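One letter stands for each residue in the lines below.
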Amino acid sequence: MTTTSDTVLVIATEYLGPAAITLLERQTKFHMNGLTFRDLEPSHCADLSKWVGIASAMFIEQDQAQELADKIKRVGI
Amino acid sequence: MFRVNKEIIFRIIIDPAFSSSLHEIPEASSHKKCPSAAWVHGRSNMTSMINSIMTKLTAGFVILVLVISGLTFLFTYGASSGKIQESTQQELLALASITAADLNGNEIAKLQPGMESEVLYIMNAEQLAKMAKSDPDIVKIYTLRNGSSDIEYVVDSGYNTGKRNFRIGDVESTPTGAMKDAFSERQVEPEFVNRPWGTVLAAYAPIKDAKGQVIGIVGVDMDAGVVQGRMNFVGQTIYLILILGIICAGLIIAVFSRTMIRDIHILIDSANRISRGETDVTISISRNDEIGELASSFKRMVTSLKILMHQDYQE
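Which chain is which? The protein sequence lines are A and B, in order. If you're matching positions, the first sequence starts at 1 in full-length UniProt numbering and goes up one per residue. If you're matching positions, the second sequence starts at 1 in full-length UniProt numbering and goes up one per residue.
Treat the hints with care, since some could be wrong.
[Said to hold, decoys possible] Quick list of the computed label-pair ranges, beta carbon to beta carbon:
(1) Leu-308(B) <-> Asp-63(A): 35 to 45 Å
(2) Cys-248(B) <-> Ile-77(A): 52 to 62 Å
(3) Asn-272(B) <-> Asp-63(A): 51 to 61 Å
(4) Lys-56(B) <-> Thr-13(A): 33 to 43 Å
(5) Pro-42(A) <-> Cys-248(B): 32 to 42 Å
(6) Ile-50(B) <-> Ile-77(A): 55 to 65 Å
(7) Leu-294(B) <-> Asp-63(A): 17 to 27 Å
(8) Asp-6(A) <-> Thr-72(B): 52 to 62 Å
(9) Asp-6(A) <-> Leu-308(B): 20 to 30 Å
(10) Ile-77(A) <-> Leu-294(B): 28 to 38 Å
(11) Ile-241(B) <-> Val-10(A): 53 to 63 Å
(12) Asp-39(A) <-> Asp-289(B): 35 to 45 Å
(13) Val-10(A) <-> Thr-72(B): 49 to 59 Å
[Said to hold, decoys possible] Every beta carbon over 10 Å from chain A, so not counted as near; a handful from chain B, in silico:
(14) Thr-72
(15) Gly-78
(16) Ala-224
(17) Gly-250
[As the list claims (entries may be wrong)] Among the chain B residues that face chain A by a calculated CB cut under 8 Å, a handful are:
(18) Ser-52
(19) Arg-300
(20) Lys-306
Honestly, the hints are just simulated from the structure, not real lab data. The model shown is predicted, which means the values in this text are computed figures rather than measured ones. From the three backbone atoms N, C-alpha and C, an ideal C-beta is built for every residue, glycine too.
Work the whole structure out from these sequences, hints included.
Set out below in structure tokens:
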């Protein structure tokens, strides 16, 4: 796990619970050219943020999903 | 049906205790009457209501308020009763002093047995009656002096009022300590005393002549019922305030606990829906207390479950 993936996982777990890793792994695998979440780098955060925002809105409220996406985006800055 | 039988057979083989328990079931059930479903349901509802946090909170709080209120009532009533008696004694002392100052000591000294129809007697008696009428709570005002051997009555407010009055020289059969001491300085009875006209609270003040010599005393009696009535009024007021306080406190805690229990019920309902496989469960509880924390944890758990239940959502 990279520092970036660790940080993103901690942030996402706050919103999505222990299954956050499942969602993050799926987002990187299916929407970021088969990237493994363990290898996440700051440069990937903007793209991941967009997909996490869309996917998490299926499970949590829209404003919460947007908040999570923003936090993930800020990790890459 | 086949699966159940298979399970039973399996348990009989591996669990001897289960096997032996099967023999007891028909025996026990044959002797016991099965309660009706309505009775069981009603009993279950009653048990749930008794075990409810709302019931426990409300009952506990009401009991606590009752205990505190009871102690407050006892303490407040005891303290206020003493103060009321004290203030009534002061009121009587003041009236006795005013009456004594109004009376002419020289005239009182002149009154001798047999002078009840003379103007001097009538004037003093009417003056006492006027003072007594000024306060409806006063039963009688009278004057006393030291006779040849005992304390004797001179004139009282009962003249021409139809109430019992004394003749000059009638002896006070049971003079109290306060009555005797009043010849030196004004006194009040520490407790209620029995008089021929009832149980009273009494105060006395010395009557002086033109030379400043004490020639007798004036007594002012207030009916014990009046004093008791004042005490009861305070007691009833405190009691009423406490009852209203208990009712308000009970209502407040009932509403408070109902709000709390409502959120817990939302969580229970959500958990049940999740357990039935429903995925469109949202929890809209926003609180800053422990229940709010529980709701946040529960939301995270539900979100995780949704993610796991929808693993194929984008595949």
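Going through the hints against the structure:
Between Leu-308(B) and Asp-63(A) the beta carbons are some 23 Å apart, a value that contradicts the proposed interval 35 to 45 Å. Checked against the hint of 52 to 62 Å, the C-beta distance between Cys-248(B) and Ile-77(A) comes to roughly 56 Å, which is consistent with it. Checking the proposed 51 to 61 Å range against Asn-272(B) and Asp-63(A) shows it is violated: the Cβ atoms sit about 27 Å from each other. Hint check: Lys-56(B) to Thr-13(A), Cβ distance near 36 Å, so the stated range 33 to 43 Å holds.
Between Pro-42(A) and Cys-248(B), the C-beta spacing of about 60 Å breaks the proposed range 32 to 42 Å. Roughly 58 Å separates the CB atoms of Ile-50(B) and Ile-77(A), a value that falls within the hinted 55 to 65 Å. Under the hint 17 to 27 Å, the C-beta atoms of Leu-294(B) and Asp-63(A), about 21 Å apart, fit the expected range. With their beta carbons about 60 Å apart, Asp-6(A) and Thr-72(B) fall inside the hinted range of 52 to 62 Å.
Between Asp-6(A) and Leu-308(B) the beta carbon distance is about 22 Å. The supplied range of 20 to 30 Å therefore holds. Between Ile-77(A) and Leu-294(B) the Cβ separation comes to about 35 Å, which falls inside the hinted range of 28 to 38 Å. For Ile-241(B) and Val-10(A), the Cβ-Cβ distance of about 56 Å falls inside the hinted range of 53 to 63 Å, so the restraint holds. Taking 35 to 45 Å as the suggested C-beta distance range, the pair Asp-39(A) and Asp-289(B) conforms, at roughly 42 Å.
Checking the proposed 49 to 59 Å range against Val-10(A) and Thr-72(B) shows it holds: the Cβ atoms sit about 54 Å from each other. No beta-carbon of chain A comes within 10 Å of the beta-carbon of Thr-72(B); the shortest separation is about 49 Å. Residue placement check: Gly-78(B) keeps its beta carbon more than 10 Å from all beta carbons of chain A (closest about 59 Å). Distance to chain A confirms Ala-224(B) as a non-interface residue, since its nearest Cβ pair spans about 74 Å, more than 10 Å.
Here Gly-250(B) stays apart from chain A, with its beta-carbon at least about 37 Å from theirs, past the 10 Å limit. At about 30 Å, the closest approach between the beta carbon of Ser-52(B) and any beta carbon in chain A exceeds 8 Å, and the interface hint on this residue is violated. Taking 8 Å as the C-beta contact cut-off toward chain A, the hint placing Arg-300(B) at the interface holds, the least distance being around 4 Å. The interface hint given for Lys-306(B) is met, as the beta carbon of that residue sits about 4 Å from the closest beta carbon of chain A, less than 8 Å.
When held up to the earlier numbered hints, the structure conflicts with 1, 3, 5, 18 and fits the remainder.
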